[in-house]
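**Student:** Spelled out from the first residue to the last, the chains are:
Protein chains: 2
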Amino acid sequence: MAGYTESYAGKINRKLLKKQRIIEVAAGREKADLVLKNATYVNVFSGELCTGDIAVAEGLIVGLGQYEGLQEADMSGCIVCPGLIDAHIHLESALVSPREFVKAVLPHGTTTVICDPHEITNVMGTDGIDYMLQATEGLPVDVRFMIPSCVPAAPMEEAGANLDYRDVDSFFDHPRVQGLAEMMNYPGVIAGDGATVAKIVASQAHHKKIDGHAPDLQGKDLDAYIAAGVYSDHECHDVEDALAKLRRGQFIMIREGTAARNLEALMPLLTEKYYDRCMFCTDDKHPSDLLEKGHIDYIVRKAVALGCDPIMAVQVACHHAARYFLLNNRGAIAPGYLADFAVVDNLRDFNVVTVYKKGRLVYDHGVLAEIAPPPVEGYLQARVHDTFHLTRPTAGSFADSRPRAVLGMVPGEITTTDRGYATAVDLERDILKIAVVERHKNTRHIGLGYIQGYGLKSGAVATSVSHDSHNIIVVGTNDEDMASAVNHIADNHGGITVVEGGRVLGDLPLPIAGLMSDGTLEAVNEALESAKAAAHALGVGPDIDPFMTLSFMALPVIPTLRLTTRGVLDVTRQQDI
Amino acid sequence: MAGYTESYAGKINRKLLKKQRIIEVAAGREKADLVLKNATYVNVFSGELCTGDIAVAEGLIVGLGQYEGLQEADMSGCIVCPGLIDAHIHLESALVSPREFVKAVLPHGTTTVICDPHEITNVMGTDGIDYMLQATEGLPVDVRFMIPSCVPAAPMEEAGANLDYRDVDSFFDHPRVQGLAEMMNYPGVIAGDGATVAKIVASQAHHKKIDGHAPDLQGKDLDAYIAAGVYSDHECHDVEDALAKLRRGQFIMIREGTAARNLEALMPLLTEKYYDRCMFCTDDKHPSDLLEKGHIDYIVRKAVALGCDPIMAVQVACHHAARYFLLNNRGAIAPGYLADFAVVDNLRDFNVVTVYKKGRLVYDHGVLAEIAPPPVEGYLQARVHDTFHLTRPTAGSFADSRPRAVLGMVPGEITTTDRGYATAVDLERDILKIAVVERHKNTRHIGLGYIQGYGLKSGAVATSVSHDSHNIIVVGTNDEDMASAVNHIADNHGGITVVEGGRVLGDLPLPIAGLMSDGTLEAVNEALESAKAAAHALGVGPDIDPFMTLSFMALPVIPTLRLTTRGVLDVTRQQDI
Numbered sequence: 204m205a206g207y208t209e210s211y212a213g214k215i216n217r218k219l220l221k222k223q224r225i226i227e228v229a230a231g232r233e234k235a236d237l238v239l240k241n242a243t244y245v246n247v248f249s250g251e252l253c254t255g256d257i258a259v260a261e262g263l264i265v266g267l268g269q270y271e272g273l274q275e276a277d278m279s280g281c282i283v284c285p286g287l288i289d290a291h292i293h294l295e296s297a298l299v300s301p302r303e304f305v306k307a308v309l310p311h312g313t314t315t316v317i318c319d320p321h322e323i324t325n326v327m328g329t330d331g332i333d334y335m336l337q338a339t340e341g342l343p344v345d346v347r348f349m350i351p352s353c354v355p356a357a358p359m360e361e362a363g364a365n366l367d368y369r370d371v372d373s374f375f376d377h378p379r380v381q382g383l384a385e386m387m388n389y390p391g392v393i394a395g396d397g398a399t400v401a402k403i404v405a406s407q408a409h410h411k412k413i414d415g416h417a418p419d420l421q422g423k424d425l426d427a428y429i430a431a432g433v434y435s436d437h438e439c440h441d442v443e444d445a446l447a448k449l450r451r452g453q454f455i456m457i458r459e460g461t462a463a464r465n466l467e468a469l470m471p472l473l474t475e476k477y478y479d480r481c482m483f484c485t486d487d488k489h490p491s492d493l494l495e496k497g498h499i500d501y502i503v504r505k506a507v508a509l510g511c512d513p514i515m516a517v518q519v520a521c522h523h524a525a526r527y528f529l530l531n532n533r534g535a536i537a538p539g540y541l542a543d544f545a546v547v548d549n550l551r552d553f554n555v556v557t558v559y560k561k562g563r564l565v566y567d568h569g570v571l572a573e574i575a576p577p578p579v580e581g582y583l584q585a586r587v588h589d590t591f592h593l594t595r596p597t598a599g600s601f602a603d604s605r606p607r608a609v610l611g612m613v614p615g616e617i618t619t620t621d622r623g624y625a626t627a628v629d630l631e632r633d634i635l636k637i638a639v640v641e642r643h644k645n646t647r648h649i650g651l652g653y654i655q656g657y658g659l660k661s662g663a664v665a666t667s668v669s670h671d672s673h674n675i676i677v678v679g680t681n682d683e684d685m686a687s688a689v690n691h692i693a694d695n696h697g698g699i700t701v702v703e704g705g706r707v708l709g710d711l712p713l714p715i716a717g718l719m720s721d722g723t724l725e726a727v728n729e730a731l732e733s734a735k736a737a738a739h740a741l742g743v744g745p746d747i748d749p750f751m752t753l754s755f756m757a758l759p760v761i762p763t764l765r766l767t768t769r770g771v772l773d774v775t776r777q778q779d780i
Numbered sequence: 204m205a206g207y208t209e210s211y212a213g214k215i216n217r218k219l220l221k222k223q224r225i226i227e228v229a230a231g232r233e234k235a236d237l238v239l240k241n242a243t244y245v246n247v248f249s250g251e252l253c254t255g256d257i258a259v260a261e262g263l264i265v266g267l268g269q270y271e272g273l274q275e276a277d278m279s280g281c282i283v284c285p286g287l288i289d290a291h292i293h294l295e296s297a298l299v300s301p302r303e304f305v306k307a308v309l310p311h312g313t314t315t316v317i318c319d320p321h322e323i324t325n326v327m328g329t330d331g332i333d334y335m336l337q338a339t340e341g342l343p344v345d346v347r348f349m350i351p352s353c354v355p356a357a358p359m360e361e362a363g364a365n366l367d368y369r370d371v372d373s374f375f376d377h378p379r380v381q382g383l384a385e386m387m388n389y390p391g392v393i394a395g396d397g398a399t400v401a402k403i404v405a406s407q408a409h410h411k412k413i414d415g416h417a418p419d420l421q422g423k424d425l426d427a428y429i430a431a432g433v434y435s436d437h438e439c440h441d442v443e444d445a446l447a448k449l450r451r452g453q454f455i456m457i458r459e460g461t462a463a464r465n466l467e468a469l470m471p472l473l474t475e476k477y478y479d480r481c482m483f484c485t486d487d488k489h490p491s492d493l494l495e496k497g498h499i500d501y502i503v504r505k506a507v508a509l510g511c512d513p514i515m516a517v518q519v520a521c522h523h524a525a526r527y528f529l530l531n532n533r534g535a536i537a538p539g540y541l542a543d544f545a546v547v548d549n550l551r552d553f554n555v556v557t558v559y560k561k562g563r564l565v566y567d568h569g570v571l572a573e574i575a576p577p578p579v580e581g582y583l584q585a586r587v588h589d590t591f592h593l594t595r596p597t598a599g600s601f602a603d604s605r606p607r608a609v610l611g612m613v614p615g616e617i618t619t620t621d622r623g624y625a626t627a628v629d630l631e632r633d634i635l636k637i638a639v640v641e642r643h644k645n646t647r648h649i650g651l652g653y654i655q656g657y658g659l660k661s662g663a664v665a666t667s668v669s670h671d672s673h674n675i676i677v678v679g680t681n682d683e684d685m686a687s688a689v690n691h692i693a694d695n696h697g698g699i700t701v702v703e704g705g706r707v708l709g710d711l712p713l714p715i716a717g718l719m720s721d722g723t724l725e726a727v728n729e730a731l732e733s734a735k736a737a738a739h740a741l742g743v744g745p746d747i748d749p750f751m752t753l754s755f756m757a758l759p760v761i762p763t764l765r766l767t768t769r770g771v772l773d774v775t776r777q778q779d780i
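From first to last, the protein sequence lines stand for chains F and V.
The opening position of the first sequence corresponds to residue 204 in our numbering, with each subsequent residue numbered one higher.
The opening position of the second sequence corresponds to residue 204 in our numbering, with each subsequent residue numbered one higher.
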C-alpha cells in the first residue's frame with residue numbers, strides 16, 4: 204500500500220508468468236499443483252451437482268474434467284462446495300483476535316468474511332481499522348472490510364473516535380476494503396444530513412458497496428434511504444419487510460447469528476424467485492455459539508432442514524455474496540476462480556471434513572494447519588493494548604443521593620421501560636445501581652442510574668464490551684465493588700469481570716482494545732462461561748445473559764431508557780433525564 | 204479525462220448536493236422532476252409486474268409508490284421496462300456514424316450499448332478508439348466500450364494498426380470503458396502467447412471484463428481459455444456448447460444479429476435454471492435489418508414468440524448485461540437506478556412507444572428528440588476522414604498472367620473451398636478476378652486471386668468494408684473497371700461501389716474511416732440497396748449479398764482460402780499459395 208513497490212510493467216510481467224503457468228496446466232501440458240480427483244461438486248452456475256476432477260494451479264481452479272496433479276486427493280463420497288462467505292459480521296463479537304477467529308471459522312468451511320470493525324473503530328478510530336487490516340493480512344480466511352459508517356453510533360455518545368467522510372474515504376484504496384459498513388443512521392440519511400450522506404457519496408465515488416441497516420423502514424423513507432445509495436439490508440425479520448426491500452433493489456442478507464436469528468422467518472426468500480438476491484450473514488457470533496453451532500455451515504444445515512433446496516442454500520452461502528461484493532473471483536467452482544473449497548460429507552448433514560484455501564489444505568478432519576500470526580506494526584500493537592485512559596474511580600465516584608431514573612429490564616428483550624426514579628440500591632425491589640465510566644479520553648465522566656430486573660444480590664458485574672462506545676459499564680449492589688470491578692477491567696486493559704467484596708470471582712481479560720482476548724476461542728469461552736456462572740451465583744436471573752444484557756444498556760438508540768457517560772437518556776424523546 | 208478539473212472535496216460536495224435533492228424528492232418533501240404516473244413496470248428483482256408511480260429526480264429513479272412531479276406522464280395501458288442493453292455490437296456494422304446509430308436504436312428502447320470498435324481500430328489504431336469515445340460522449344444512448352483485443356486480427360494481416368497491451372491499457376481509466384473486447388485469438392490464449400495473454404492480464408489488473416469469442420471450443424482448451432480470464436461468449440450456436448461454457452462460469456451472450464442468429468438454438472437457456480447467466484447481443488446489425496426488425500426489442504419479441512416468459516426476456520435484455528458489465532446503476536426500475544425506460548404497448552408485441560434516458564423523454568411515438576452532435580477534436584475529425592493512403596492503381600496494377608488460386612464460394616456460407624488455379628477471368632465458368640488493395644500505409648501491396656460463384660458478368664464491385672483490416676477488396680470482370688472502382692472508393696475516402704465501363708452504377712460513400720457514412724441510416728440504406736440492385740443487375744447471384752460476401756473474403760481466419768494483400772492464403776494450413 205505504501206509508496207512505490209514495483210513498476211506497472213513489472214507487475215504485469217509477473218502476473219503474465221503466473222497466468223501462462225495456469226494456462227499450461229489447464230491445457231493439460233503441465234501437471235496441476237493439486238487435483239481433487241473424482242469430485243462431486245456444486246455448480247453454482249447451473250444449479251446442479253457435477254462430477255470430475257478439479258485441477259488447481261497457482262491457487263486458482265484451472266480445469267474441470269480429467270487432470271493429473273503433483274498432489275492428488277480423492278474426493279469420493281464427499282461433496283465439494285465453494286468456500287463459504289459470511290456477508291456481514293462484527294468479528295469483535297467473538298471476543299478473540301482475528302487470527303483466533305479465523306481458526307474458529309475455518310473448520311466450518313468459511314473462507315471469506317466481510318467484516319465491519321465497528322466496535323474497535325469506536326474505541327480507536329482509524330487506528331482500529333488499520334490494526335484489523337494488518338492483523339488479518341494473509342490469514343487463510345480472506346477477511347474483507349466494510350468501513351464503519353457511524354462512529355460514534357449516536358451524537359450523544361462519548362466514543363473513542365469520530366469519523367467523517369475523509370477518514371472513511373482514506374481506506375477505499377485498500378485492496379481488502381469493499382465499501383461502507385451498515386448505515387445505521389437511517390434517520391440521518393432520510394433527513395439528508397450532509398455529514399452522513401457525504402460518506403455514502405464518497406463510497407459511491409469509489410465504486411464501493413454501501414451496506415444498510417434499517418429495520419422495518421418502509422414507504423417513502425425506504426425509498427429515500429435506498430435512493431441515497433444503500434444496497435443491502437441485514438435487519439429484515441419478516442418476509443414482507445424483506446420483500447419490500449428486495450423489490451426496491453436491495454440485496455437481502457439473511458442473518459442467523461447469536462443475538463438475532465431471522466432465517467426461519469425469511470425462508471420464503473429461499474425460492475427460485477428471490478434467492479438470487481439473498482446471502483447469509485451472522486452479524487454477531489459469540490464464542491459458545493461459534494463453538495457449538497458453527498458458522499455459515501450451520502445456516503446452510505438449518506436452511507436445508509427447514510426445506511430449502513440444498514444446492515440453492517450453497518449458492519446463497521457463497522456465490523451471491525461474492526457477486527454482491529464484486530469479489531468476482533470466488534464463490535464458485537470454475538476455471539479462474541479461487542481454489543477455496545469446503546468439502547462436506549453430504550448436502551443434508553453438511554459436516555465440513557476438509558477445507559482448502561487458495562489450493563492449500565488448511566483443515567483436514569479436525570486438524571488445522573499452522574497459521575502464522577500476521578505481523579502488526581509496533582505502534583498499532585502497543586496502541587491496541589493501551590486503550591484505557593481513565594482516572595481510577597473510587598467508591599466515592601459512584602456515591603450519589605440524587606434521584607436517578609430506573610431502567611426497567613424486559614425479559615428476553617434488550618429494550619427497557621421507564622420505571623421512574625430511585626435514590627439508592629434496593630435489593631428487595633431488585634433495584635441496582637448502574638454506571639457508565641468514560642474510559643477513552645479521561646474525561647472523568649461517570650453516568651449514573653438504576654436498573655431493575657437484573658437480579659444481582661451481592662457484588663458487582665462490569666464489562667468493557669459496551670455498545671457502541673465501549674466505555675465501562677458496571678452494575679452493583681455497592682459502590683466499593685463497582686469501583687473494584689471497573690479498576691480490575693482498567694488494569695487488564697479491558698474485559699469482563701464479576702467482583703464480590705473486592706474478590707474477583709469471574710474474569711475474562713480482553714486486552715485488545717478492551718474487546719478481544721489474546722487467547723484462544725476455547726479459553727475465552729471457558730473464562731466467559733465461568734464468569735457467567737459467577738454472576739448467576741451472585742443472583743443474576745437464570746434467563747439473563749449477565750454480560751450481553753449489560754453490553755446493550757449503554758446503546759442510546761434502543762428504547763426506552765439508556766445510560767450514557769452523561770447519565771440516563773430517554774431514547775424516544777432524545778432527552779437526558 | 205485530461206488533467207486537473209476539480210478537487211476531490213469539490214467533487215464530493217457537488218455529488219452531495221445532488222444526492223440531498225434526490226433524498227428530498229424520494230422522501231416526498233419536494234416535487235420530482237418527472238413522475239410516470241400509474242405505471243405498470245417490470246420488476247427485475249422479483250420477476251413480476253408492479254404498479255405505482257415512478258418518481259425521477261436528477262436523472263435517477265428515486266421512488267416508487269405515490270409521487271407528484273413538476274412533469275407527469277400517465278403510463279396507463281403501457282408497460283414500463285428498464286432501458287434495453289445490447290451487450291456486444293460492432294457499431295460500425297450499421298455503416299453510419301455513432302450519432303446516427305443512436306438515432307436508429309433509441310426508438311427501439313435501447314439506452315445502453317456495449318460497443319467493440321474493432322473495425323475502426325483496425326483502420327486507425329488508438330485514434331479510432333479515441334474518435335469513437337468522443338463521437339459518443341453525451342449521446343442519449345450510453346455507448347460503452349470494450350477495447351479491441353486483436354488488432355490486427357491475424358499476424359499476416361496488413362491492418363492500419365497493431366495494438367499491444369500498453370495501447371489497450373491506456374484506455375482502462377476512461378469512465379466508459381468496460382474492458383477488453385472479444386478475445387478472438389483463442390489459439391494464442393491457449394498456447395499461452397505472451398503478447399496475447401498480457402492484454403488479459405492488464406485488463407484484470409484494472410478489474411475490467413474480458414469478453415470471449417470461441418466457437419465450439421471445448422474440453423481442456425476451453426478450460427485454458429476461461430482460466431486465462433475470459434468471462435463471456437457470444438459465439439454459441441448450440442445449447443450444448445453454451446452449457447459447457449455456462450457451467451464453467453462464462454456468461455452467455457445470446458446473439459441475434461444480421462449475420463449470425465442464435466436465439467432459436469439457445470432458447471433452452473431462457474429458463475429459471477440458466478437465464479440469470481444470459482444476456483442479449485446483436486454483434487453486427489446492418490442498416491436494413493435495423494430498420495426493418497429493430498434491435499434488442501426485436502430479440503425480446505422473438506424470444507417471447509418462441510415461448511420465453513416475457514418478464515424473463517426483459518430481465519435478460521437489460522439487467523443481466525448491466526450486472527455482467529458492473530454497470531450497477533442500470534437495468535432495473537428501483538430507487539437509485541438510472542431513469543432509463545423503454546415504454547412498450549405490451550410484453551408480447553413489445554412495440555416501443557416512448558423512451559426516456561436519464562429521465563428525459565427522448566423518443567415519443569415516432570418522434571425523436573434533438574440530438575446534438577458530440578464535439579470531436581479537430582485532429583481526430585480530420586484523421587477519421589483521411590484514412591486512405593495508397594498510390595492510385597491503374598488497370599496495369601491488376602494485370603497478371605501467373606496462375607492464381609481460385610476461392611470457391613459456398614452458397615449461404617462465408618467459408619470457401621479450394622478450386623485450384625486460374626490464369627484469367629473466365630465468365631463461362633464464373634471465374635472472376637479478385638484483389639485486395641492495401642490502403643493504410645501505401646505499401647502498394649495488391650493481393651491477387653480468382654473467385655468462383657459470385658456471378659458478376661460485367662464491371663467491378665468493390666468495398667472498403669473488408670474484415671478485419673479494411674483494405675479495399677474488389678472483384679471484377681476486367682482490370683479497367685477494377686481500377687476505377689478502387690479509385691472511386693479512394694476518392695470518396697471509403698465506401699462501396701459498383702462500376703461498369705468506368706461508370707459508377709452503385710455508390711455508398713463511407714468517409715468515416717472507410718467504414719461509416721456521415722448520412723442518416725435511411726439514406727445509407729437507400730444507397731446500399733440501390734448499389735446492391737446495381738450489382739445484381741450486373742449478374743451477382745440473387746442469393747448473394749454482393750458486399751457482405753466480399754467483405755469476408757479477406758478475413759484470414761475463415762477456411763479454406765482467403766485473399767490478403769499478399770495473395771491467396773490457405774487458412775487451414777496457414778500458407779500463402
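Among these hints, one or two may not hold up.
30 Å max Cα-Cα, derived DSS-like pairs, lysine-lysine [as the list claims (entries may be wrong)]:
(1) V/Lys214 <-> V/Lys561
(2) V/Lys644 <-> F/Lys476
(3) V/Lys234 <-> V/Lys561
(4) V/Lys496 <-> F/Lys561
(5) F/Lys476 <-> F/Lys505
(6) V/Lys561 <-> V/Lys240
(7) F/Lys476 <-> V/Lys214
(8) F/Lys240 <-> V/Lys476
(9) V/Lys476 <-> V/Lys505
(10) F/Lys644 <-> F/Lys221
(11) F/Lys240 <-> F/Lys561
(12) V/Lys218 <-> F/Lys505
(13) V/Lys240 <-> F/Lys476
(14) V/Lys218 <-> V/Lys561
(15) V/Lys234 <-> F/Lys476
In short, the hints are calculated from the structure, not lab data.
**Student:** Determine for every hint whether it applies to the structure shown.
**Tutor:** Verification of the hints:
| no. | hint | in the structure |
| --- | --- | --- |
| 1 | V/Lys214 <-> V/Lys561 | 20 Å, holds |
| 2 | V/Lys644 <-> F/Lys476 | 57 Å, violated |
| 3 | V/Lys234 <-> V/Lys561 | 17 Å, holds |
| 4 | V/Lys496 <-> F/Lys561 | 49 Å, violated |
| 5 | F/Lys476 <-> F/Lys505 | 20 Å, holds |
| 6 | V/Lys561 <-> V/Lys240 | 17 Å, holds |
| 7 | F/Lys476 <-> V/Lys214 | 39 Å, violated |
| 8 | F/Lys240 <-> V/Lys476 | 27 Å, holds |
| 9 | V/Lys476 <-> V/Lys505 | 20 Å, holds |
| 10 | F/Lys644 <-> F/Lys221 | 50 Å, violated |
| 11 | F/Lys240 <-> F/Lys561 | 17 Å, holds |
| 12 | V/Lys218 <-> F/Lys505 | 44 Å, violated |
| 13 | V/Lys240 <-> F/Lys476 | 27 Å, holds |
| 14 | V/Lys218 <-> V/Lys561 | 16 Å, holds |
| 15 | V/Lys234 <-> F/Lys476 | 34 Å, violated |
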